[in-house]
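Undergrad: Given next are the chains, with one letter for each unit.
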Amino acid sequence: MNTYAKRLMWPVIILVALIVVNIAATGIDFIIPTVNDGRLGGAFVNILRRSAPLLLIALGMTLVIATKGIDLSVGAVYAIGAAIACQMIIEAPDQTALGLVFGAVALALVVTAVIGAWNGVMVAYFGVQPIVATLILMIAGRGIAQLITGGQIPKVQDASPFTELGRGSFLAVPLPIWIAALMLIAIALLTRKTALGMLLESVGGNPEASRLAGIRSKGITVLVYLVCSLCAGLAGLIGAANLGSADANNGGLWIELDAILAVVIGGTALLGGRFFLLGTAIGVMIIGTLDDTIINVGLSSQWQFTAKAIVVFVVALLQSPEFRGWILKPFKRQPDAPAPEPAPAEEVLAK
Amino acid sequence: MSTHQLTERPSRSTLFDGLTRYIPISATVALLIALYLGGVANYPNFDNPQVVAKLFIDNAPLLVIAVGMTFVILSGGIDLSVGSVMAFSTMACAWLTVEAGIAAPVALVLVLAFGTAWGLLIGAVIHYFDVQPFIATLVGLFLFRGLTLQISDTDVSMREIEFFQWGMTHVDFGNVRDGGFWLPYLSFVAFAVVIIAFVVLHYTRFGRGVYAVGGSEQSALLMGLPVARTKIGVYAVSGFCAALAGILAAFATKSANPLANVGAELDAIAAVVIGGTLLTGGAGFVLGTVAGVMVWGMLNTLIAFQGNLSSWWARIVMGILLLAFILLQRVLARSGEKRRT
Amino acid sequence: GGGDDSGDGGSGDGLVVGFAQVGAESAWRTANSESVKSAAEADDRIAELKFVDGQQEQEKQIEAIRNFITQQVDVIVLAPVVETGWTDVLQEAEDAGIPVVLADRGVEAADEDLYVTRLGSDFAEEGRKAGAWAVETFADDPDGTRILELQGTTGSAPANDRKSGFFEVLDAEGLNYELVDSQSGNFTAEEGKAVMETFITTHGLEGIDLLYAHNDEMGLGAIQAIEEAGFKPGEDIQIIIVDGSKAGFQAGVDGKLNYIVECNPVFGEQLMDVVVDVANGESMEKFTPVEEGVFDSTQFEAELPNRQF
Amino acid sequence: MSDDPIVQMTGIRKDFTGVRALDGVDFTLRPGEIHAVMGENGAGKSTLIKVLTGVHTPDAGEIRLDGRPVRFHSPGAAQAAGISTVYQEVNLTDNLSVAENLFAGREPRLGPFINFRAMRRKAKALLDDIGIELNVAAPLSSYSIAMQQLVAISRAVDIEAKVLILDEPTSSLDRDEVNVLLGVMRRLAAKGTAMVFISHFLDQVYDIADRMTVLRNGQLVGEWTTAELPESELIGHMLGREAATLEQIERTAAAHHAAEEEPLMEVTGLGRRGSIAPYDLRVRRGEVVGLAGLLGSGRTETVRLIAGADRADSGKLRFDGKAVNGHNPRTASARGIAFCPENRKTEGLVGDLSVAENMILAMQASRGWARSIPVARRDKLVAEFIEKLDIRPGDPDMPVKNLSGGNQQKVLLARWMLIEPKLLILDEPTRGIDVGAKADIQRLVAELSSDGMAVLFVSAELDEVTRLSDRIAVLRDRELVAVLESEADMTTERIVDTIVSGGREA
Ligand SMILES: Nc1ncnc2c1ncn2[C@@H]1O[C@H](COP(=O)(O)OP(=O)(O)OP(=O)(O)O)[C@@H](O)[C@H]1O
Ligand SMILES: Nc1ncnc2c1ncn2[C@@H]1O[C@H](COP(=O)(O)OP(=O)(O)OP(=O)(O)O)[C@@H](O)[C@H]1O
Ligand SMILES: [Mg+2]
Ligand SMILES: [Mg+2]
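Chains as they are written, first to last, in my numbering: chain B, 290 to 640; chain Z, 234 to 574; chain W, 645 to 953; chain S, 17 to 522.
No lab work stands behind these hints, which were simulated from the structure alone.
Hints are supplied without guarantee of correctness; some may be wrong.
[Said to hold, decoys possible] Not the full set, but computed from the structure, chain B residues with beta-carbon under 8 Å of chain W: (1) 315; (2) 326; (3) 332; (4) 442; (5) 532; (6) 536; (7) 539; (8) 585; (9) 590.
Every residue, glycine too, gets a C-beta built ideally from N, C-alpha and C.
With the rest of the complex left out, here is chain B (with noise of 0.2 Å):
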């Protein structure tokens, strides 16, 4: 426990100070959440509620990345889901039925599982290396969807239950808040209280020796896969509920990397094995909220990717102990012998 705290906590530290400038920037009333229409919000609880589809891609990613894997096709899979589920519903005459809403959802989410296992059974069972085969549902995905919208912009109406799936809020939390964090338990749950946890970080950390020791390593692939796709299935579902719209081109345009990004920044290491689904987490309201800091501390849109830059190279640098070690040495009493530059060789060990 004690190690897994020591990695959280450089990211925290990092959202701390975001949150931090921001009320500098803009009064305490940035977090302090506001109720209106029976529902939170205010700047911080947008935020979360913005961040649910990339919290919900980047636990799919982690999973996936702790198999040695990882998964380019989320993005293009999230367009899909948004563009089954927009397209069925304003084909409908009643927009407003309740079992249409379901089933649309439904036929969203299985679609993008079938999608999911096909990548896992590219990865699995065909042997072709994650990058490219989730490169090609990159590729055609947006085009599928594109394809189910007929590359129009599908609008569903405000009156439509659908949209509460973005839009809407029970006991006063936004839904997509309750979704993202009900999912982060039940992943956590899943792979914490079952042994797929440590499954999954053995097939990621030594494929060869897990087969030797008698795990399904091709099913474990391929569940994982799913639920990667399935998660951003979801995080689709919610980002076109919350618009109303599904826009096949730009749903969901790189966010990949951010979760990529968040699955790193959280600690979980891109070559498999150990992951940490509370660091994505974080990672991913770090990311979240940088976006609103360079409006709130009044950059223009030229700084958004400088900005970025800046932070995720902080984050970086601090998650390293090298680098720690070699800011610090200077405040440091020496060590009886002469101390070395710093020493590359311990570093590539201690991998």
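Using the hints provided, position chains Z, W and S with the ligands relative to the given structure of chain B.
TA: For chains Z, W and S with the ligands alone, kept in the frame of chain B given last:
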């Protein structure tokens, strides 16, 4: 007692032992030829040699960044910053020559030096601070897109700078109208990069070190190889290649666009991997990358010749072609592996 | 298809036209592609339209044009993603004897000789139209006009021009205004909504007079954000959008926005006429404007049924 | 040997998170001597070497080379200063060819370019010299660990350094190869090279070493010349207890399984093209069957087919009275076949996972992911096996990659003992294990088999095979040539004769 031979390792099957590593690339080349013949059979004018030449005109910058990416991937890393560094380099060329009025050759040297220096820096961060390459270079992706936009948020023309005419100067091979083709100088720059990269990777200590580090970084270290130099070196190579690709792009269009090359890193990675290089490092060839870039370009050409695909069908067809290609490649590679044992 | 006779340059059953489109980045763009394709389909004078989607990349468009040249099409239509950098490839087309028509956006003035004509909209003009309405509406606002702006994709031509045209007029007319905040919403509803939410939490909506959104989708996203924050778009804050899709007009009819500057994507038929004229070697003006209007709240209702996208 | 020391380490201390691996260790190496570093698994031998060669930075202490204080920042620097090392885990890059591994970093060149032709020629000559014949252009991965170990040794020897360090170089070699290696070492010693030799084979150490340094729990016990330290005393120093406790394992006569009893496992014509010729083999309950043969004779391949690790392309396997088809590691373990592979690093352990997780991996896999082993039960089992196998440090939450080699091997053993298999396949289970632990493991095998478990046992040490086995299958040239059954046949000489004669009755 020990008159018998020490070990019983059979020295048979030596032929295939050395050749197995060529299976993925052979599969790629074979499929590339099949794609080309398919195009010739189906579309008029596809047999025009310019179709092939064109792969090296429009894809020259991609080829150059893919070569740099090959170094990085072979060493077991990844470089996501190439697209942005490339766009930044083009923009920097424009700014230095048009705004700052610096002589173009000087500007080019500055840009190349900057790209290399960036590679060195990020390589050092990756090596000494043990930051994951994906993240360290993702910083580059964001940073240079941001800096590019801060230099200019509109496209900038360099047409007034005489020097930039050089890149697109044609070299004709036969008359284009009856079966000849042409290539611009910048294609030859790309070819030169490929040849140099090939020689460096296969015939120098640095190159073999890249394979060794990719195979196992820890082993390479314990074998006494200069791991730090190698790891930092590959990012420097990639940074240099990205800057050079940016310059080639400047030659190709004589303009700089702040939103150019978004996602180019993925194209480059795809080309490298299609060319048979393993993302886990240690296995692959720079010539495979050339084949990978050609496949990428060929797929786009096929779609353009088909010409009646909507935006979405074009994407779907691209995905299907890529899928078919990768599965065939796997099948060929697997049957090749089987034959060995 | 007419591929077989494509070398004959205009004789035979009709023209082979290559169309290098920007991409499919917005509903406006897909409507534009659709319009061009269906117009070509319906037109007897056109044998085949070769359509290539450039995915918002100049290199892809250049590649497409080179492919058209190899295929020896009769006319090339280019919707350039950026203004500069076309000289070489347009020169190659000219050398191959293939005329080029620009659709939608333009190229830099120095390349004027390399294309026959441009059919399209003027983004700066759209910005100016929006600016003119703002000046007119807020001319006698005593405490100065406080404006929020939702820009398009940072660095893209429509974003740059719609911004500059707008403020050009405001400055020229001496309107007393303050630009409270201006951020990119990337032309998407998703980001438009997100940015607007942050605007609201950061600046509040009281005292804000005007929202200027560079396209429909961002505007519609922002309208949702405003509604969800408990305000009335169109009343608590005046809203201008550019484009004018069906959904945009619908919002206008519902009273949620105040002014629409049209940017018309449906110029396929007009384009086909131009293409045929060009193929026949007729001389033409360098710029053929697409018919575009402006609409205020009194006109939304009447215009809605005419909307094609 | 009376010259000044070439390497002198004084007061070396090295801490890892939670472990003090070295605590004030002194070590002196003189030119031309062969110096053995002795100690149990985890005593700190490898760490001492790694501190010397710049892999680890010491937390305290001084290192002098030729009298001058030095501090290497990387193994490369140590190599450049004349210290050539073969580390414990074979450390070569197996994606490169044999020749490239031999000459990596010091390739013969023409101008700036590598001269591959010269490199291959030199590689061939070098390996010929040691007496192994490999295709030097083939990737190293196509050869077994033993062969890779020989390549690593050849590389280190060829560097012609002042100091040559060999950390358990003989762990996977058979006796002839060991003899060759010892010969090479003597030759080098005569030329004045100083050598550090680490091995758990006491006979080899007594055969070659001039002097010994003994470590225990990271501390220096003392330094002796070989002559003044008899074996029993050495063991006493290493273990810190009386050597008498290390009694030899005596097989209780194999009589307890009647001949008519149906065999637990029966293999007929099982084979795989290009890897092992079809063979027949039967194992009864409670029986230990040893597999003997030279390096590369196909022992590993033989047991991998039975374990389902590789797919057989001919033959039948009957297990526990039922015909087996659709064999893979998972179904094998469900049937009660456990397989401890020989390469623990690549095929055995998951380095990032903890000791506990590695131990319960097979058990968990057989239960499926949904039924996780309750924490209490898990902790109890893990503690029990840590105790039983004396795994040190006994922290179940430590990443297994931080354990010393011998302790890693024990973790792997524990993994399979946990599922209580009917047939336990051990491929080189005692490789790299100290005398005490080796005796423990041998005793364990004997115990398990008298409890009725069948054991298939592969070992390069013929003594060990003869001591433990009820029957011995002898392999040569990837073919099972004979099965020795009678008590009289269970001798090392008999096995060697069988290998030489290829199974034909002499
Ligand atoms: N990188 C590391 N991190 C943490 N602990 C380590 C590390 N390397 C070694 N240790 C610990 O240091 C101690 C000494 O290990 P070392 O490898 O030197 O033993 P050894 O004497 O070589 O044993 P063996 O005979 O099993 O090889 C062990 O307790 C081991 O667990
Ligand atoms: N055609 C071949 N040429 C050379 N090597 C081969 C060939 N086929 C297999 N090998 C390698 O030879 C080795 C076979 O030896 P194996 O491991 O079975 O021997 P062993 O008797 O178990 O000896 P040890 O385990 O002590 O090395 C395998 O590692 C395999 O990869
Ligand atoms: Mg050791
Ligand atoms: Mg073996």
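Undergrad: For each hint, tell me whether it holds in the structure or not.
TA: Hints and how they fare:
1. 315: Hint holds; residue 315(B) Cβ to chain W Cβ min 5 Å, cut 8 Å.
2. 326: At about 7 Å, which falls below the 8 Å cut-off, the nearest Cβ of chain W leaves the hint on residue 326(B) intact, so it holds.
3. 332: This interface hint holds because 4 Å falls under the 8 Å limit.
4. 442: holds (5 Å)
5. 532: At about 5 Å, which falls below the 8 Å cut-off, the nearest Cβ of chain W leaves the hint on residue 532(B) intact, so it holds.
6. 536: Holds, because the Cβ-Cβ distance from residue 536(B) to chain W comes to roughly 6 Å (cut-off 8 Å).
7. 539: With a minimum Cβ separation of about 4 Å from chain W (threshold 8 Å), the hint on residue 539(B) holds.
8. 585: holds (5 Å)
9. 590: OK, holds: residue 590(B) within 8 Å of chain W, min 4 Å.
Against the hints set out earlier in the document, no violation occurs for any number.
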